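Modelling step: build the complete structure from the supplied sequences, incorporating the hints.
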Amino acid sequence: MSVQIPSNLKRFFWDTSMANIDSQENADYIIDRLLTKGDLSSWKWLSDTYETDQVKQRVIESRQLSNKDAVFYSTIYDIPLETLRCMHKE
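When we follow my numbering, the leftmost residue of the sequence shown carries the number 6, and every step to the right adds one.
Any given hint could turn out to be false.
[What the hints assert, rightly or not] Derived pair list, reagent style DSSO-like, types lysine-lysine, alpha-carbon separation capped at 27 angstroms:
(1) 42 with 73
(2) 49 with 73
(3) 15 with 61
(4) 94 with 61
(5) 94 with 73
(6) 61 with 73
(7) 15 with 94
(8) 61 with 49
(9) 15 with 49
(10) 73 with 15
(11) 42 with 61
(12) 42 with 15
[Stated by the list, open to error] Pairwise CB distance ranges (calculated):
(13) 76 with 6: 18 to 24 angstroms
(14) 46 with 6: 35 to 41 angstroms
(15) 66 with 20: 35 to 41 angstroms
(16) 93 with 15: 18 to 24 angstroms
(17) 9 with 94: 35 to 41 angstroms
(18) 21 with 80: 18 to 24 angstroms
(19) 73 with 22: 18 to 24 angstroms
(20) 19 with 88: 19 to 25 angstroms
(21) 8 with 94: 23 to 29 angstroms
(22) 48 with 92: 18 to 24 angstroms
(23) 34 with 77: 17 to 23 angstroms
(24) 93 with 22: 32 to 38 angstroms
(25) 85 with 11: 15 to 21 angstroms
Please keep in mind that the hints were generated in silico from the structure rather than gathered at the bench.
Remember, predicted model here, so these are calculated numbers, not experimental data.
No residue lacks a Cβ here, since even glycine has one placed at the ideal position from N, Cα and C.
Quick look at the structure:
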């Protein structure tokens with residue numbers, strides 16, 4: 006079921022029309038954007054909106070996480086740092 010993105014998080018999607026974003030169809034995009042650009046309130050919304058395993062999978066697959074973010078999310082989600090794609094130079 007689609008969930009509307011709260012108005013306080015719309016600033017993280019400055020380059021996209023909110024009318025074109027569906028929380029389920031565009032889940033990977035939304036999760037990636039909020040993991041890399043978001044703040045504590047966006048992380049809370051992610052946790053409330055998406056399954057933990059879905060967010061963890063995006064953490065593992067993302068190439069865009071900074072080293073700082075990678076360490077943070079690997080700690081929070083108990084993911085071995087070496088399994089994160091962003092930690093490998095390709």
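Verification of the hints:
Only pairs whose Cα atoms come within 27 angstroms are accepted, and residue 42 paired with residue 73 is accepted, the gap being roughly 12 angstroms. A C-alpha spacing of about 19 angstroms is found between residue 49 and residue 73, which places the hinted pair at or below 27 angstroms, so the restraint holds. A threshold of 27 angstroms between alpha carbons decides the hint, and for residue 15 with residue 61 the separation of about 22 angstroms falls inside it, so the pair holds. The hinted pair formed by residue 94 and residue 61 meets the criterion: a straight-line CA distance of about 20 angstroms does not exceed 27 angstroms.
A hinted pair counts as satisfied when its Cα atoms are at most 27 angstroms apart, and residue 94 with residue 73 qualifies at roughly 16 angstroms. The hinted pair formed by residue 61 and residue 73 meets the criterion: a straight-line CA distance of about 16 angstroms does not exceed 27 angstroms. Using a Cα cut-off of 27 angstroms, the hinted pair residue 15 and residue 94 is violated, with the two alpha carbons roughly 31 angstroms apart. Of the supplied pair hints, the one linking residue 61 and residue 49 holds, its CA atoms being roughly 14 angstroms apart against a limit of 27 angstroms.
With a C-alpha separation of about 15 angstroms, the suggested pair residue 15 and residue 49 falls inside the 27 angstroms cut-off, and the hint holds. Using a Cα cut-off of 27 angstroms, the hinted pair residue 73 and residue 15 holds, with the two alpha carbons roughly 24 angstroms apart. With a C-alpha separation of about 16 angstroms, the suggested pairing of residue 42 with residue 61 holds against the 27 angstroms cut-off. Of the pairs offered as hints, the one joining residue 42 and residue 15 holds, with about 12 angstroms between alpha carbons and a cut-off of 27 angstroms not exceeded.
Distance hint check: the CB atoms of residue 76 and residue 6 are about 33 angstroms apart, inconsistent with the given range 18 to 24 angstroms. Separation of residue 46 from residue 6 is about 22 angstroms and departs from the stated range, judged on CB atoms against 35 to 41 angstroms. Under the hint 35 to 41 angstroms, the C-beta atoms of residue 66 and residue 20, about 21 angstroms apart, miss the expected range. Taken as a hint, the range 18 to 24 angstroms is violated for the pair residue 93 and residue 15, whose Cβ atoms sit roughly 33 angstroms apart.
Checked against the given bound of 35 to 41 angstroms, the beta carbons of residue 9 and residue 94, roughly 38 angstroms apart, stay inside it. A C-beta distance of roughly 30 angstroms is found between residue 21 and residue 80, which places it outside the suggested range of 18 to 24 angstroms. In this structure, residue 73 and residue 22 break the distance hint of 18 to 24 angstroms, their C-beta atoms being roughly 30 angstroms apart. A beta carbon spacing of about 31 angstroms between residue 19 and residue 88 contradicts the range 19 to 25 angstroms that was offered as a hint.
Under the hint 23 to 29 angstroms, the C-beta atoms of residue 8 and residue 94, about 36 angstroms apart, miss the expected range. Here the CB-CB span from residue 48 to residue 92 is close to 20 angstroms, well matched to the stated 18 to 24 angstroms. Taken as a hint, the range 17 to 23 angstroms holds for the pair residue 34 and residue 77, whose Cβ atoms sit roughly 21 angstroms apart. Taken as a hint, the range 32 to 38 angstroms holds for the pair residue 93 and residue 22, whose Cβ atoms sit roughly 34 angstroms apart.
For the pair residue 85 and residue 11, the beta carbons lie near 32 angstroms from each other, so the given range of 15 to 21 angstroms is not met.
Hints 7, 13, 14, 15, 16, 18, 19, 20, 21, 25 from the list above are not met by this structure, while the remaining hints are.
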